[in-house]
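> Protein chains in written order, with our numbering: chain Z, 19 to 325; chain U, 730 to 1171; chain F, 3 to 284.
The reader is advised that the hints may include incorrect statements.
Said to hold, decoys possible - Here are the simulated SDA-like cross-link-like pairs (lysine to any residue), alpha carbons at most 25 Å apart as the crow flies:
| hint | chain 1 | residue 1 | chain 2 | residue 2 |
| --- | --- | --- | --- | --- |
| 1 | F | K7 | Z | L133 |
| 2 | U | K1068 | F | L142 |
| 3 | U | K927 | F | K146 |
| 4 | U | K907 | U | T1011 |
| 5 | U | K1152 | Z | R94 |
| 6 | U | K1151 | Z | A130 |
| 7 | F | K4 | Z | W229 |
| 8 | F | K7 | Z | F185 |
| 9 | F | K7 | Z | R231 |
| 10 | F | K200 | Z | A130 |
| 11 | F | K7 | Z | P216 |
| 12 | F | K4 | Z | R131 |
| 13 | F | K7 | Z | P175 |
| 14 | F | K146 | Z | W229 |
| 15 | U | K885 | U | S1082 |
| 16 | U | K1152 | Z | G100 |
| 17 | U | K1151 | Z | F185 |
| 18 | U | K929 | Z | P175 |
| 19 | F | K7 | Z | G100 |
| 20 | F | K146 | U | S821 |
| 21 | U | K985 | U | Y936 |
| 22 | U | K927 | Z | Y104 |
| 23 | U | K1152 | Z | Y104 |
Calculated directly from the structure, the hints in this document are not laboratory data.
Source: prediction; values computed, not measured.
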Amino acid sequence: MSARTAATGQRRPRKENQTRLAFWLLLPAAVVVFGIIVYPVIRTLIVSFFEVQSALAVETPFVGLDNYVQAFMSSRFWGAIGRTLYFTIVSTVLELALGLAMAGLLNARLRARWLFRAIVVIPWAVPTIVNAAMWKGIFNAQYGSLNALLTQLGIIPEYYAWLGDPFVALNMVILADAWKTTPLVAFFLLAGLTSIPPELYESARLDRASWPRIFRSIVLPLLVPSISIVVVLRTVEAFKVFDIIYTMTRGGPANGTQTIAYYAYVTAFSNQNFGFGSALSYIIVLVILLLSATYLRILRRSEMSLL
Amino acid sequence: MTITMNRFKRAAAALGAMAAGALVLSGCGVTGAGDGSGGGGGLSPDASAGTTGEVNVLFMKQAGYTEDDIATMIEDFNQEYPDVTVNPTFVSYEALHDKIVTAAPSGTYDVVLMDVIWPAEFASTGIVADITDRYPAEWNDEMLGGALITAKYQGKYYGVPWYPSTKLFYYNADMVEKVGASESDLETWDGVLEVAKKIKEQEGVQYPIAWSWGQAEALICDYAQVLGAFGGQFTDDSGKLIINQGPGVEALTWMKKTIDDGLTNPNSTTFLEDDVSKTMATGQAAFSLNWESTFRDLNDPSISQVVDQVGVLATPKGQSGERPGVNGAMALGIASRAKNPDAAWNFITFISSQQEQEKFVKSTLPSWKASYEDESVTKTNPEVFAAAKIAYDSSILRPQVPDYSPVSLIIQVELQNALLGKKSPQQAMDDAVAAGNDVLND
Amino acid sequence: MKAAKRNSILVHMAAAIVSLVILLPFAWMIEASIAPQRDLISRPLRWIPSGFDLTRYAEIFGGGGGGVGQTFRAALVNSTIVAVAVVLISMAVGILGGYAFARLRFPFRRATLMVFLATYMLPQIALLIPLYFILSSLSLLDTKIGLILVDSSLVIPFTLWILSNYFLTIPVELEDAARIDGTSRVGALFRIILPSAKPGIFAAMMFSFLLAWDEFMYALIFTSSDAAKTLPVAISEFAGRYTTDFGLVAAGGLITALPPIIVAIIFQRYVVSGMGAGAVKG
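Could you put together the complete structure from these sequences and hints?
Following this line, the structure appears as structure tokens:
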């Protein structure tokens, strides 16, 4: 049967079949993902246009764009956005740079390479909450091991409250996040690195090219797709950051680590201001969409397979 | 490629269709919460009701009664009500408020533990039920005044007081004695600072005083007691914040000065009450403010290195001669969508009864006047009772308004700004009052 | 020769230093979990514990009656069930969907994939409140099933992406050969593609397990009792009765970290090939 149909009238029947088959194959995914996400997404958007001051939605007057206007006029909002931007940029750059170096190491010829790779994977596997609790203990002002280490090595004269100053605390959170995330970045980049044909290295070395030169003209251009994916992923993750803030600092000290997602949470649940909280959530969505759209254009230009 | 435009157009169309659909569905109210089924505890009690079924209760972990205490209370309750199953859940204080809010629409809990600062918020948002009708009249006379108002809002009761609470003044008696001072020196804050200086110099305790000045409600509690010592209040009679005037700023300036003078542990701005207790327990602090249950913890050999070395007094007097303790009472409320409100009421009245509370005075003190006169009760925890007797006489209330949570957050941030040296105390309090009054007027 | 050897030594030293930096915090957590509490709050800090305090592990594994241990063990069971279920669901769904994206041509193909990936862009806070009400009305609050559903919605976009990318790298000719012989598309999927897609599949499995195990916000808001609470929530509630014993947090944290670490170590060698294959073309 197939031999004959293969020769005749392929185009139309196959295309229809493909669509129908695709529909059925994708239905489970669509049901779970859209069933769970789409309705809430739209609901939250709707709520953001109302004033909702109670979990029980007793009286909810329509206020149009008021919540959004209130957000853009609020200094706390801009403070949170600023902190989130700082967190995003610094942690992404840090993790990219360190991750690149780590990827190089992972790619190198090492004895017991499997051991090194197994070690590197550990922080990635440690759950975010455990990571946050661990670093909270390390940074503890009275008993933390960082303080103990630095004082016993004579690097600092006395114990310091690492999570006590707003700006320092934000950077400490970045550090804690970087410990866990750099291996993930490294593995992503490693995937890109390993797909660089070794012949390119060899011919470059035959031409007596120096390592920095090789890096700049061969490795980096071929790594652009991987780097782009990493930047998109990390930016989105950083803008959504919540778990580590909740566990390490609860947004403090003096709101120094209050990122935009945490601010939205506090507004909705601690202040029972669900309308405003929903507006804040949507602003996060918009910012992320904006950033991602920009990145995706770059990605498309570098010939990512599917996108 | 033009795929971008097409993609957006199609996505927009799809979203539009779905939005229309969702709007149609929004008959259930904006958030989709829907109307709750009856529930609520506002009905007059029916004697036979509430003797069966399940009661889900939300408690907190730190301070006050321990999980073991509560397990015993439930057992005792089941002696009288054998057909009611009580399911307790424990969360940390910091998570308690949010848990009550998220659980409200679905009636996950029948009974919720509330801090004195929340009934206003929960009552005005309909989260806890009005139980004024259930209140026996005798309670007005038999309960401590400070306890009675815990869950009162606009003349109605939204919870049953479970225990009064305030921050007492803990001191390391051994250290105090070693520098030749005595309890009477600790009656005023000036006296405390004097002794602290001596302890710092002679006993080598680097920072004799520890506070819970982390960005949390704990900071407001500490501030409240200092504010009270300076004779101040949070709000004026019209309900506006006035902490940027006189005593409000003096209190904050005083707090900052103790850091600058090296008497207060600078890490206090990262501490919660647990950390303060730990600092006392390892002998790294000589003085601290903390709740009643801390006395039990500091005398627990499994965690404390200063067993039997600690004394407790009412909070020291300020220059105004006042020594109000912050009112940190807790109350048990019935959720408005509780599934078993009558059994919940029975449970609440049982565990808050004088007879039951008197069994656990080592953990925290009862809300009944009679208990304080009964020697057989007071002698089980004499030091705390003695301190509490003075402490409960005058208390300072944090504003009992529905918007307390955001206002508290604003004040916490500004207090921290001043304590961390980012702003001057006056500037910080000005900003706090401006932003806070904005919220209150909303 | 000499340069190569020197480079090799440098590389090994660098690797050793990196390993140290990575392991030190983790090692401290291990030590904290078995050090007596007074060591942990001593100043200067004692690095070598004065004794071995295994009571924390005893409490976690044996403690009963409403104590920390009971909740923790319940959470361990919950986390395992939820994570395994999420992996199974998202793999099954991802394999089917991934095949569709990789092999089939249909209208809106690109847009659909974009929309799936776009769901990743949504912060959980944006979905939290309506999701809470949905789960509440379906009586799925505080249940493992509810959690499994919402976690799957987080994980499926990832598995779709990884698997579709990987399937693309499998030569079409393999399938065509089978299909000319009469195998259906779906049959080809199972008999030809899957066996050759092991790296991609293992990479996707590892991602889904780690994501599901790690998930915190939904678990925090949607669960409250031992019936459904997962480990991250249990850890965040470790403010003990009196003081926060960091050793207890460390012990709990280690146990929580162990399963994903084991999974990651076993599967990590597939991650590189499982992800990289689709990243660069030409």
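> Which hint numbers does the structure go against, in order from smallest to largest?
3, 6, 8, 13, 14, 19 and 22
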